[in-house]
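S.K.: In this text, residue positions in the sequence shown follow the working numbering: the first is 64, and each later residue adds one.
No lab work stands behind these hints, which were simulated from the structure alone.
Backbone N, C-alpha and C define an ideal beta-carbon position, used for all residues, glycine too.
Misleading hints may appear alongside valid ones.
[Unchecked claim] Between beta-carbon pairs, the in silico distance windows are:
{"id": "1", "residue 1": "A243", "residue 2": "A221", "range": "52 to 58 angstroms"}
{"id": "2", "residue 1": "P103", "residue 2": "Y244", "range": "55 to 61 angstroms"}
{"id": "3", "residue 1": "D115", "residue 2": "T67", "range": "54 to 60 angstroms"}
{"id": "4", "residue 1": "E83", "residue 2": "G116", "range": "48 to 54 angstroms"}
{"id": "5", "residue 1": "L207", "residue 2": "T119", "range": "25 to 31 angstroms"}
{"id": "6", "residue 1": "V202", "residue 2": "E96", "range": "46 to 52 angstroms"}
{"id": "7", "residue 1": "E147", "residue 2": "S69", "range": "49 to 55 angstroms"}
{"id": "8", "residue 1": "V117", "residue 2": "E75", "range": "29 to 35 angstroms"}
{"id": "9", "residue 1": "E129", "residue 2": "V205", "range": "54 to 60 angstroms"}
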Amino acid sequence: MPETLSVHLNREGPRELDVERAALETDRSFVLEFVNHGQPLHVHLHPSETLDGVVTPAETQVYVDEGETRPVDVSVPRQSGPVEGTLDVVTGYGAEEATVAVSVTSERKDGGPDVAVDDTLAEKTGAESEATTSMTAVVTPVVLAATVVVVAAAVAIAVPDAGALAVGVAGVLAGVAVAAYELFR
């Protein structure tokens, strides 16, 4: 799960910014979570020149409605560090500004794999066994219907003229009936 950095808006006054931490050290993408305690507000995000192209917010102009909590993903490509810079958070057309010092490291901070894998991943779930059962439920009527159609065609070839036509039509109808029964039971 990506790291989250909260930014509180309008907590003490209009257009006021309160960043949870002034510095962030990361080796991967993170989330800026804007929590608005007052009136609707536009927030602008500006990575410094050194972070440009390394730290990329999903949105650089964010509208946060009254009482809304709005997450914004900030992507950091793998193996893009080490690099340091700032991410400016601006409201009120530049009247209020907060700066977060961002350090992108090249080494994993936790020393673990890039993707966290839970032990339950190896366990078989009910959905897998259900998928096997539903596949059997579909294949069985199709095979049965195909068999009926092939038998009807063989009889139609063996029986001359009008009788062959009647047997063929009966065979096709029987196949369709069996398939419908199996699919909708």
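S.K.: Now, for every hint given, state plainly whether the structure supports it.
M.R.: Here's how the hints hold up against the structure:
no., hint, result
1, A243 to A221: 52 to 58 angstroms, "27 angstroms, violated"
2, P103 to Y244: 55 to 61 angstroms, "59 angstroms, holds"
3, D115 to T67: 54 to 60 angstroms, "23 angstroms, violated"
4, E83 to G116: 48 to 54 angstroms, "25 angstroms, violated"
5, L207 to T119: 25 to 31 angstroms, "56 angstroms, violated"
6, V202 to E96: 46 to 52 angstroms, "48 angstroms, holds"
7, E147 to S69: 49 to 55 angstroms, "22 angstroms, violated"
8, V117 to E75: 29 to 35 angstroms, "32 angstroms, holds"
9, E129 to V205: 54 to 60 angstroms, "57 angstroms, holds"
Of the numbered hints stated above, those contradicted by the structure are hints 1, 3, 4, 5 and 7, listed in ascending order.
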